[in-house]
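Q: Protein chains in written order, with our numbering: chain A, 1100 to 1460; chain B, 1100 to 1460; chain C, 1100 to 1460.
Bear in mind the hints are in silico, worked out from the structure with no lab data behind them. Just so you know, not all the hints are guaranteed correct.
Said to hold, decoys possible - If you only want the chain B side, here are some residues facing chain A, beta carbon under 8 Å, derived: (1) Phe1204; (2) Gly1212; (3) Gly1419.
As the list claims (entries may be wrong) - Label pairs and their in silico Cβ distance ranges: (4) A/Leu1444 / B/His1200: 56 to 64 Å; (5) C/Pro1447 / B/Arg1437: 41 to 49 Å; (6) A/Ala1406 / B/Ile1397: 34 to 42 Å; (7) A/Ala1133 / B/Asp1138: 22 to 30 Å; (8) B/Arg1437 / C/Tyr1452: 28 to 36 Å; (9) A/Arg1413 / B/Gln1137: 27 to 35 Å; (10) A/Ser1422 / B/Pro1447: 48 to 56 Å; (11) C/Ile1397 / A/Asp1209: 24 to 32 Å; (12) C/Asp1209 / B/Leu1444: 33 to 41 Å; (13) B/Ile1118 / A/Gly1157: 39 to 47 Å; (14) C/Ile1397 / A/Ala1133: 33 to 41 Å.
Note that the structure is a prediction, hence the values are computed from the model and not measured. Note that beta-carbon positions come from the ideal geometry of N, C-alpha and C, so glycine has one too.
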Amino acid sequence: MTPAPPRPELPEAGEAAPIQPRVRRAWYIACTSAELGQDVLKTEIFAQPIVLFRGGDGAPGALLDRCPHRSVPLSLGRVVDGQLACGYHGWRFEGDGRCAHVPAFLGTPDAPGRRCLAFPTREQQGFVWIWADPGSPPVGEPFFFRLMDDSRYQVITRVLHAEGSVHAVAENALDVPHTAFLHGGLFRVDAARNQIRCVVTRRHDRVECAYIGEPRPEGLVGRILSPSGGVVTHSDRFLLPGIAEVEYQIGDENHILVDAALTPERDHRTRLTAVVAVRTRMPLWLIRPFAEPAALRIFGQDQRVLAAQTDNLRRFGEAGFASTELDALGPHILRLMRQAERGELEDPDAAPYQREFSMRV
Amino acid sequence: MTPAPPRPELPEAGEAAPIQPRVRRAWYIACTSAELGQDVLKTEIFAQPIVLFRGGDGAPGALLDRCPHRSVPLSLGRVVDGQLACGYHGWRFEGDGRCAHVPAFLGTPDAPGRRCLAFPTREQQGFVWIWADPGSPPVGEPFFFRLMDDSRYQVITRVLHAEGSVHAVAENALDVPHTAFLHGGLFRVDAARNQIRCVVTRRHDRVECAYIGEPRPEGLVGRILSPSGGVVTHSDRFLLPGIAEVEYQIGDENHILVDAALTPERDHRTRLTAVVAVRTRMPLWLIRPFAEPAALRIFGQDQRVLAAQTDNLRRFGEAGFASTELDALGPHILRLMRQAERGELEDPDAAPYQREFSMRV
Amino acid sequence: MTPAPPRPELPEAGEAAPIQPRVRRAWYIACTSAELGQDVLKTEIFAQPIVLFRGGDGAPGALLDRCPHRSVPLSLGRVVDGQLACGYHGWRFEGDGRCAHVPAFLGTPDAPGRRCLAFPTREQQGFVWIWADPGSPPVGEPFFFRLMDDSRYQVITRVLHAEGSVHAVAENALDVPHTAFLHGGLFRVDAARNQIRCVVTRRHDRVECAYIGEPRPEGLVGRILSPSGGVVTHSDRFLLPGIAEVEYQIGDENHILVDAALTPERDHRTRLTAVVAVRTRMPLWLIRPFAEPAALRIFGQDQRVLAAQTDNLRRFGEAGFASTELDALGPHILRLMRQAERGELEDPDAAPYQREFSMRV
Chain A
1100 MTPAPPRPEL
1110 PEAGEAAPIQ
1120 PRVRRAWYIA
1130 CTSAELGQDV
1140 LKTEIFAQPI
1150 VLFRGGDGAP
1160 GALLDRCPHR
1170 SVPLSLGRVV
1180 DGQLACGYHG
1190 WRFEGDGRCA
1200 HVPAFLGTPD
1210 APGRRCLAFP
1220 TREQQGFVWI
1230 WADPGSPPVG
1240 EPFFFRLMDD
1250 SRYQVITRVL
1260 HAEGSVHAVA
1270 ENALDVPHTA
1280 FLHGGLFRVD
1290 AARNQIRCVV
1300 TRRHDRVECA
1310 YIGEPRPEGL
1320 VGRILSPSGG
1330 VVTHSDRFLL
1340 PGIAEVEYQI
1350 GDENHILVDA
1360 ALTPERDHRT
1370 RLTAVVAVRT
1380 RMPLWLIRPF
1390 AEPAALRIFG
1400 QDQRVLAAQT
1410 DNLRRFGEAG
1420 FASTELDALG
1430 PHILRLMRQA
1440 ERGELEDPDA
1450 APYQREFSMR
1460 V
Chain B
1100 MTPAPPRPEL
1110 PEAGEAAPIQ
1120 PRVRRAWYIA
1130 CTSAELGQDV
1140 LKTEIFAQPI
1150 VLFRGGDGAP
1160 GALLDRCPHR
1170 SVPLSLGRVV
1180 DGQLACGYHG
1190 WRFEGDGRCA
1200 HVPAFLGTPD
1210 APGRRCLAFP
1220 TREQQGFVWI
1230 WADPGSPPVG
1240 EPFFFRLMDD
1250 SRYQVITRVL
1260 HAEGSVHAVA
1270 ENALDVPHTA
1280 FLHGGLFRVD
1290 AARNQIRCVV
1300 TRRHDRVECA
1310 YIGEPRPEGL
1320 VGRILSPSGG
1330 VVTHSDRFLL
1340 PGIAEVEYQI
1350 GDENHILVDA
1360 ALTPERDHRT
1370 RLTAVVAVRT
1380 RMPLWLIRPF
1390 AEPAALRIFG
1400 QDQRVLAAQT
1410 DNLRRFGEAG
1420 FASTELDALG
1430 PHILRLMRQA
1440 ERGELEDPDA
1450 APYQREFSMR
1460 V
Chain C
1100 MTPAPPRPEL
1110 PEAGEAAPIQ
1120 PRVRRAWYIA
1130 CTSAELGQDV
1140 LKTEIFAQPI
1150 VLFRGGDGAP
1160 GALLDRCPHR
1170 SVPLSLGRVV
1180 DGQLACGYHG
1190 WRFEGDGRCA
1200 HVPAFLGTPD
1210 APGRRCLAFP
1220 TREQQGFVWI
1230 WADPGSPPVG
1240 EPFFFRLMDD
1250 SRYQVITRVL
1260 HAEGSVHAVA
1270 ENALDVPHTA
1280 FLHGGLFRVD
1290 AARNQIRCVV
1300 TRRHDRVECA
1310 YIGEPRPEGL
1320 VGRILSPSGG
1330 VVTHSDRFLL
1340 PGIAEVEYQI
1350 GDENHILVDA
1360 ALTPERDHRT
1370 RLTAVVAVRT
1380 RMPLWLIRPF
1390 AEPAALRIFG
1400 QDQRVLAAQT
1410 DNLRRFGEAG
1420 FASTELDALG
1430 PHILRLMRQA
1440 ERGELEDPDA
1450 APYQREFSMR
1460 V
């Protein structure tokens, strides 16, 4: 077999490091409120180890997991009277990083060099959020899950992890074409394709793709949700810094809003906090035994692909994704993240960018 | 104890990286024909992941294991109608790298940016060969095992792996002095040494050492092969880019030709495809039960030494091998590989380099 | 919670490499005399692999664990007639590094390029010491354990390992404040604190802290040693290059001298050879069943903290230890080690540096 003259050059193994945008001036979910009890909790954001604990008033504190004294991880310590005590010499810290106590020391404990690096926190709707840039004061408030407290909706929350960047996980979560192939049979089916119109709209802090003329999805999920068929209104959205939102209206009675809040624990490991709000014709207790295993199986397939993709990104770098117009949101998400990383969002009042294309689903 | 003044300087741990020659413009065995069935097969060459599959005509295709779309390994995919389909979005590729199908896409699938990097392939004598430099057209044809199809010979093929470079494995395979020590008792014995003449001949693409006056090897292997003794004609050869050949004629009736085709999967991991052709006084079914376990035991000892040598080469670098004239071929192999790496072989018509020395075996 | 403006900048993960001083021109314990029998013994110093063996006269030889011929670790070999034979080709070396034998070779085995890098050795008091810089002749003799051969003392020797640098292990071993917290209840107790005076004295090659007015330690160890109470004389000392010494006199009859000889196997792995000499009111057989498990438990707690500290030092670097005056010896130990690393000790005849402070114990 004589191959065509090769086009891409052979990359040197391990040479090209992937460069993931790091949107640091942003709120990310660190954990659920329930996860943070009276013990310390260890997490990471942008590969920085962070220790969480509840102060005397119950409010969450988030400190870099490093005692300023001898660099020992504070997560080896314990909470004493609402202060975090290092496990080595017992130095104690407030949630704002101030040193409150140095055992055996006759002087004043607090001093500039003896403070911990503290991350601003918020607790709302059952989640603990961290402002990822301790060097800048928080701007704005964390994302609000708009249907979470709406009594007409049933809400399910799940925490998952993927070995992929926020960008890769968001693109995967909001990508339509791969579902027919990777999740073929479970979600959409490969045969009997219909041509639909897709409208991409990008604003300064978000990008959305609306799918027009989409029939009720074939396959298991579609049949359960809407046995009688019906018109589908379907939009996929990304909101800075890391919210992937999928919204389905199927017929009149079925409304599903899936919000995945993505936390960059490392460049290529993402915590995914999924909040699924459902208003449906059928009672949730009837759908859930089918939908939940299917959703977890789908996510398992995605996790495997994302991990393999990450391996190759580490090896070959990220340059050279060969997108088609079907990659409706991925390139826009990357653009928004890079702008946010540099702090150079576009004018909120400018007319949105729009583009249309067709695809077979 | 007062040591003599030290001569070599203490190398800094981890400082010196070994620099293995990489002869890229060359054919290497990727797998046996039997290994490549209807499924995809994953391999590496110079640490580049490569996916192999059979196209519609059954001919082997070899692509860089990276889909140009989203960088996912193609080896997670499957073969559909003689095309390799990526497991993420179902893009399909021919063996020459062209994109043949993009599911849901209304446009033309093939485009320069959507092609895979393809490696030329050959299939001959039951082996699939890859041309390791996809950026240059193949020059010449793969090595031909000259006795493999000769009906007077019985042929055994074995695939083995070693944690060592092509150079280290070739030198080991063609090195006489270590056999007495490392494999002492199994192959040669340490006592009762004879002095023999050795003649090294190097041409532009090969180097050979002929051993003159060698008695029938003592030890197990020799006694089985030629119980009556007899004159031995023994030559060890290296042929670019990575064939290590050992040839023995013992008495009139025994002829053994061992060809080890070496594939650089990584700088320090080599696939060794051994083709052993034997014409012997004794039937092979009688020798094999003794010879095969002995050969595997010998190779196991070599594997252990090669892996330990590789550890030290990684730590200390390769500079400073202290060769004597007994290292008949190793330095020449390195010289040939470096010349081939730079594409600067010596004149094929020049008189060969020759050198003689003596050793006790 | 609104944190105070952060002071320290967020370090980039993995950016700052810890820079441990490496005092190479020094004697370190490689092993006990008992550990080095007739077989080869493998160890490391400053991450250099070293192979130890006993020569024909029984004296220990220490060679870089790399055969000059083909870089194979000599520790895969064996001792033959008081020479170390490489396991690959059987080259043999003396303890001073000279090549004594090359099998099959007709020439003279020894030659400058065929010598091993040899480390000077000493054997005394049951320990094998290595001079860590093979490029310079030894200066001075190894540390002498002054009470080891004193018949009035009972001596216990223990070899332990910690995942921490010599500096971190020495500071930990000589640090008073952490014992109340980390080992609380076992050694000292957190309540009932007394204020004591501490006097730090630093000379060119050592630094000591004397604790004045210290009551008999509360807690288990103190009660066993000196049931009747009594005045305590307590000094902690560090002696270059790596001896941490703790000395207690409790009442008239109890004298404990703990010498920990620290060997830098790697920048962050330390071999600790503890020699505990005890003269006590109570027979050792009565104390030992209590003291030994307690000491091992204390050391286990220290090992865990040291390993976690090392993780953070690797991540964040060592800059920015926030010391108070309670860190009586650590900063001085670092200063002495850096001076010794550069070979620039202060004038031995200069007046010592002195400083006093108070603490609660």
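Q: State for each hint whether it applies.
A: Structure-based check of all given hints:
For B/Phe1204, the shortest C-beta to C-beta distance to chain A is roughly 6 Å, which falls under 8 Å, so the interface hint holds. Annotation: B/Gly1212 was flagged as interfacial toward chain A, and the flag holds, the nearest CB pair being 4 Å apart, inside 8 Å. At its closest, the beta carbon of B/Gly1419 sits 26 Å from a beta carbon of chain A; the interface hint therefore is violated under the 8 Å criterion. Here the CB-CB span from A/Leu1444 to B/His1200 is close to 38 Å, at odds with the stated 56 to 64 Å.
Restraint check, C/Pro1447 to B/Arg1437: a C-beta distance of roughly 55 Å breaks the suggested window 41 to 49 Å. Checked against the hint of 34 to 42 Å, the C-beta distance between A/Ala1406 and B/Ile1397 comes to roughly 40 Å, which is consistent with it. Roughly 45 Å separates the CB atoms of A/Ala1133 and B/Asp1138, a value that falls outside the hinted 22 to 30 Å. B/Arg1437 and C/Tyr1452 have their C-beta atoms about 58 Å apart, which leaves the hinted 28 to 36 Å range violated.
Range check, A/Arg1413 to B/Gln1137: Cβ separation about 30 Å, and the 27 to 35 Å hint holds. At roughly 49 Å, the beta carbons of A/Ser1422 and B/Pro1447 sit within the given window of 48 to 56 Å. Checking the proposed 24 to 32 Å range against C/Ile1397 and A/Asp1209 shows it holds: the Cβ atoms sit about 30 Å from each other. Here the CB-CB span from C/Asp1209 to B/Leu1444 is close to 37 Å, well matched to the stated 33 to 41 Å.
In this structure the hint that B/Ile1118 and A/Gly1157 lie 39 to 47 Å apart at CB is violated, the actual value being about 60 Å. Take C/Ile1397 and A/Ala1133: their Cβ atoms lie about 37 Å apart, and the range 33 to 41 Å holds.
Checked against the numbered hints above, the structure violates hints 3, 4, 5, 7, 8, 13; every other hint is satisfied.
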